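Residue numbers (our numbering), protein chains in the order written: chain A, 359 to 668; chain B, 359 to 668.
There could be a bad hint or two in this list.
Pairs involving identical chains hold if they fit within one copy or between any two copies, as the list cannot separate such chains.
Straight-line Cα separation of at most 25 Å, SDA-like style, residue types lysine to any residue; simulated pairs [what the hints assert, rightly or not]: (1) 384 to 623; (2) 575 to 608; (3) 631 to 535; (4) 631 to 438.
FYI, nobody ran anything at the bench for these hints, they're computed from the structure. Please read these numbers as outputs of a predicted model, since none were measured by experiment.
The lines below spell out each chain.
2 protein chains.
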Amino acid sequence: MTEVHFDKIALIGIGLIGSSIARDVKDQGLAGEIVISTRSADTLRRAEELELGNSYTLSAAEAVEGADLVIVSVPVGASESVAKQIARHLKPGAIVTDVGSTKASVIAQMAPHVPPGVHFIPGHPIAGTEKSGPDAGFCGLFKGRWCILTPLPGTDADVLARLRAFWEALGSRVDEMDPKHHDKVLAIVSHLPHIIAYNIVGTADDLETVTESEVIKYSASGFRDFTRLAASDPTMWRDVCLHNRDAILEMLARFSEDLAYLQRAIRWGEGDKLFELFTRTRAIRRSIVEAGQDVDAPDFGRHALDEKKS
Amino acid sequence: MTEVHFDKIALIGIGLIGSSIARDVKDQGLAGEIVISTRSADTLRRAEELELGNSYTLSAAEAVEGADLVIVSVPVGASESVAKQIARHLKPGAIVTDVGSTKASVIAQMAPHVPPGVHFIPGHPIAGTEKSGPDAGFCGLFKGRWCILTPLPGTDADVLARLRAFWEALGSRVDEMDPKHHDKVLAIVSHLPHIIAYNIVGTADDLETVTESEVIKYSASGFRDFTRLAASDPTMWRDVCLHNRDAILEMLARFSEDLAYLQRAIRWGEGDKLFELFTRTRAIRRSIVEAGQDVDAPDFGRHALDEKKS
Ligand SMILES: NC(=O)c1ccc[n+]([C@@H]2O[C@H](COP(=O)([O-])OP(=O)(O)OC[C@H]3O[C@@H](n4cnc5c(N)ncnc54)[C@H](OP(=O)(O)O)[C@@H]3O)[C@@H](O)[C@H]2O)c1
Ligand SMILES: NC(=O)c1ccc[n+]([C@@H]2O[C@H](COP(=O)([O-])OP(=O)(O)OC[C@H]3O[C@@H](n4cnc5c(N)ncnc54)[C@H](OP(=O)(O)O)[C@@H]3O)[C@@H](O)[C@H]2O)c1
């Protein structure tokens, strides 16, 4: 069996994702030692208060010294800066990975700085929430979720197997994919939905004929679902947009074309076209529920949550 | 205090909304007698199996005979046909109301057929799920949710107060609004979100570069939230699109304009514009949570539901 224990794990960035990894690693005893590094003193202090690791430092360089596994969990636009900071301090034979939501750009930013003898394997856990910071993380975030690794050509198979086993220990199912393909898949399943959600919430906010308080009061009829996505971290999402530009623009163009078709069907009262689309989309929902990717409780089970509260 | 009890309530249409009303009315003893009518024999049989009322008939005309309160809960496009069927059978002094998601069109379809001496007060409970049919309904669907009434000029104040009290007995908070304004508000808070959700799910379904199984597998990253809305009843939503055309087209135009701006910002790498929008939208989410219109559990509290299951 592949060894999943590491003597020393360095976590660079300790927000939602980094701190969830820390909690799982601690919980399952996957590391002899966890070193945590983040950019700001405030976040570092909070990580220490939450006892997420064994030692804490503002210096990413210092954190990676002697580490067997380095996990970078920062907004994708900060990848190059982190790579430059840690490059000369990485231990030969160490594994460096990341969790960024875009992959081709992260590889372009980091790979050139990773010294020979260090194994760089980019990754992306398909798990998260709209919250951010070290308090938002929790044990089990990755359980039952996919994690996509996008290894570069020539990656050592044993090292890859170790990283795979690590994510599997966190409860994830692991897939491998070409980075460019990853970026296309994520553009449609994640980036476009977030952009659309941000956009519609912005549109609602700008209306003159409908007041903001009306939008808030009656949001239960559909709108509020979008506001959850649109409450996600602005820095993370700005970086995703800037660093997966081509795939996002491609998907946006398709989306707009389809929307024009729908708009025309509404204008000309073509009920059959509307009915056809509205029926086809149901099948996809069914497949997602069957694949265990969502719970089938109506309204996201909010009523169940309401009852729990009261 | 305004009387909330009715001797005889007729429910025309017994899907998600109609059957939820039936359950609440029964639960709280708000009617001496509940008569249920629906279009198909299958649905009628199911309503009877679920014991949603006291008597059952396929004839809407028969159902409304002697009823003090008639609640029409059918797709908005069927409003005129129902109005024609029941018109000559309504008891003088009866209240006729509906629950349709668009109001100006329902009024245009029904008002001309309502005989003098019968009180027609259109309504719309802002509550629902993506499921449909009599099995989808449940007690408490309207609890804590808004119900909008759009009374016509000259509506009797006492009768209006009775209908208000009825919805309040179901746990709703009641608002009054001009029908045209209702249609604009709902276009942005409900109709546009559903149309956008249907559209993006359709776009994903049509891609050549990303397979359907990839879309399903990785849907947890945002996409699946849209599939829930896009699993809503096709007939209901076709009718909403056809019967709130002008307001929907207006909102769609605004949305597309804003999306073009965002697209341009992505193309030209204008991170500040993206960051500004992504920050502004967070405030709206906060207001919705503060107004009690959504729970603040991250990821819709799906993790809590997962735990309940396991
Ligand atoms: N959120 C999700 O749902 C999700 C899901 C999968 C993958 N991801 C990816 O995971 C990564 C982290 O996301 P997250 O949700 O954990 O974010 P987060 O909660 O906002 O945490 C971000 C972390 O990165 C640090 N950081 C921010 N800007 C930095 C910079 N310019 N240079 C160095 N460090 C910086 C922060 O440090 P300070 O607080 O000390 O400033 C913090 O430790 C991102 O690449 C994101 O694309 C996110
Ligand atoms: N779903 C929501 O979230 C929601 C929320 C607020 C308001 N509304 C509004 O409530 C109304 C009912 O929606 P629902 O969700 O309860 O729908 P549903 O579950 O699909 O039930 C529809 C009911 O209307 C009947 N019906 C369908 N087409 C008809 C026709 N052409 N003529 C006569 N009866 C017909 C059905 O009868 P058979 O089954 O016998 O054919 C069934 O009894 C709609 O106007 C909708 O806009 C819905």
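Hint check results:
{"no.": "1", "hint": "384 to 623", "verdict": "neither (55 Å within a copy, 41 Å between copies)"}
{"no.": "2", "hint": "575 to 608", "verdict": "between (35 Å within a copy, 21 Å between copies)"}
{"no.": "3", "hint": "631 to 535", "verdict": "neither (36 Å within a copy, 32 Å between copies)"}
{"no.": "4", "hint": "631 to 438", "verdict": "between (48 Å within a copy, 23 Å between copies)"}
In this structure, the earlier hints numbered 1 and 3 are contradicted, and the remaining ones agree with it.
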